[in-house]
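One-letter residues, chain by chain:
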Amino acid sequence: MKISDLTELALRNLRESVLRNSLTTIGISVGVASLVAMLSLGTGLQQLFSRRLAKSGLFDTVLVSSRRELRGMGREEERKGPTPGESRLLDETARQEMERLPNVSEAFPDIRFVTELRYEDKPHLTMISALPQSARSNDAFDGMQGRFFSSDTEAGVILQKSFAEELLGKTPPLGAAEPNIAELAKPLLGKELTMRYAQRQAASVSQSSANEPASTDNGNSGAAYSVVSREQKLRIVGISDLDPESMRGPMRAKVFLPLRLAESLHVMQPTDLREISRASPGQPVYSSVSVRVKNPAQVQGVEDAIKKMGFTTFSILDASNSLRQVFKVLYAFLGIFGSLALTVASIGIVNTLVMAILERRREIGIMKAIGASDGDVKKLFFAEAGAMGILGGIVGVALGWAIGQVINFGINIYLKSQSVPPEHFWAVPLWLVVFSIIFAFLVSLVSGLYPAARAAKLDPVQALRYE
Amino acid sequence: MTTAPAVYAARGTIEIRSENLCRHYRMGETLIRAVDGVSLEVPAGEFVALLGSSGSGKSSVLNLIAGLDRPTSGSVIVQDRDLAKLSREELAKYRLHVVGMVFQSFNLIPSMTLAENVELPLRFAEVDRSQRQNLSREALERVGLRARMNHRPSELSGGEQQRAALARALINRPHLLLADEPTGNLDSHTGTEIMEMVREFNRELGMTVVMVTHERALAERYAQRMIFLADGKLIDDRQNNDRPNSPAAVDVRAHGGQS
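So the protein lines, in turn, are chains A and B.
Oh and the first sequence: position 54 is 565 in the numbering used here, straight run, nothing missing.
Oh and the second sequence: position 196 is 219 in the numbering used here, straight run, nothing missing.
Just so you know, not all the hints are guaranteed correct.
[Stated by the list, open to error] Beta-carbon label-pair distances, calculated as ranges:
1) A/L960 with B/H174: 49 to 59 Å
2) A/F848 with B/D151: 44 to 54 Å
3) B/D151 with A/Q973: 25 to 35 Å
4) A/K968 with B/E42: 24 to 34 Å
5) A/I858 with B/D260: 48 to 58 Å
6) A/I847 with B/R104: 49 to 59 Å
Keep in mind the hints are simulated off the structure, nothing from the lab.
For each residue, glycine too, the CB sits at the ideal point set by N, CA and C.
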């Protein structure tokens, strides 16, 4: 029989016992809906996390630190690495070497220090870090209040939202609604802060020993220096909602300075004391360097190259790899639970079709008597199963999508009440739509296997005798 | 276009030949010999009645000729096809193209209109829709049901249903019309009407007709030959020369077998 005839006859037969077949189809729809709901929850969550990670702006960044800088993470490769004494110094030469690596767009020192900021004569102790101009494109500064630094030497600061809250004394108690960022920005933008910090000054020539004559140039000499207390006025130019340093954990800063400005301040760094004996004269030494890679896909290669140079690296890739593993498992679980309902529905198809065989026994006998082959009868039952599968699949996808929308809507109402911006936990990508309908079709065909074979094998003489 | 068979077996060639045909089956402990060594030959174009009481095996013989059932032993050969040796697929093709069947209980599919019922075999034969509709309209016209083609069987009288079944049996232009008690559910008037049609198909279209009946009078009136069965065995086989308008008078070939 032709496909068009099969479809026509199958649909006609489905209409003949419309209640039973509708119920079976609804069963499939519910199965497909649960599958779609589960998988779109998985997809939605994955996309949400990916978005969050991308917003951290660190997908293309490799953090480099000297091997002796054990960060207490206890990572395997760090322990296996050379002993601290053998490791390489993370100095300006090394930074320039990294910048010359293929696929690297820039390598900038990570200037990071804890110091005191005074606002309206109240001191606030905080972690400060320096940002290069390229950080302007960091998604964390999307939707910030105010603006990014206009130049690399501007005497300005960008505050992270939580520090702005602290300055205004508006830190909300845990779990309470957070204040709106625009309200925070209004009284703060354009105001001045005073930063008090410890400046490292090169020891004067007279104080240095005679056999180190060249260590006087810019105060960065590792040989010997003095520490002077300084103050710097900074204007608040921007307040960012998101945290650009989410991957740094407890080391993350809440106040940001332009990179060149920070460098020119020669703030005393924690590494300075340690490196004092090793640094070559005239070379700044960094506690860590951020290396920006041109394309997130090249992070791995750059990381490997830097490791070969003798440094410890960390990138979000490591974190996202394990996250991807977690999502694969989550996906499998959600898929299995989603399929469970579809399995039950497929038993419904078998049941419906077996019933249909009993009911239409005589009809099958007639069709065979007037020339239908086993194959024709088989295909007809297959077509009926398949039609129920496709119909159920389409309705199910729509149903699953609707369920997702409702739940997403509900969660976002809750989030709104908590002053958290709305999110999409639900994503029904096109592949899921297509996959679900095809899957429902295949499952129903498999369910049709037994009934179709049974119908095809009916003995026409007996089938015709049946009333 | 006509509903006449495209190809005729030449009159006088053997259409159906069975040799020592047996169909036995078990029912619990007992072996039932529904057909037990029937040998017969039916020439093309002949109108044969299979007579016997119920359980005599006449329907079983018909089912074997129709390819609905397979012999336990012996052979049944239709137009040089040994039905016992055909695959299930080939048997279906044989039923589709060579055989037209009508039954006592009409066996129309209740959910389909007359037109759909009549064109159903054409679907199995993968005939195009437009051609299918033409053919089914023509066939219904032939049995006088053109006006009722969009009715369902339940809306029709028994006689009309049987006429529709005849139209369906004709649609693939088979050589062989097999009728299993075609008037069994009809009153004598409509029964006669149906039998007249069967005779018309036999004479004008040259179809070989094998009709199962237990009504001897019906057989005597329409059949050229009467075969009597009892307990699965052939007990009598005789020409019926004293029927009205004996076929000897009508030479189908001379009329070209057209409709």
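Against the structure, the hints come out as follows:
{"no.": "1", "hint": "A/L960 with B/H174: 49 to 59 Å", "result": "violated, 37 Å"}
{"no.": "2", "hint": "A/F848 with B/D151: 44 to 54 Å", "result": "holds, 48 Å"}
{"no.": "3", "hint": "B/D151 with A/Q973: 25 to 35 Å", "result": "holds, 34 Å"}
{"no.": "4", "hint": "A/K968 with B/E42: 24 to 34 Å", "result": "holds, 29 Å"}
{"no.": "5", "hint": "A/I858 with B/D260: 48 to 58 Å", "result": "holds, 56 Å"}
{"no.": "6", "hint": "A/I847 with B/R104: 49 to 59 Å", "result": "holds, 54 Å"}
Checked against the numbered hints given earlier, the structure breaks only hint 1 and satisfies all the rest.
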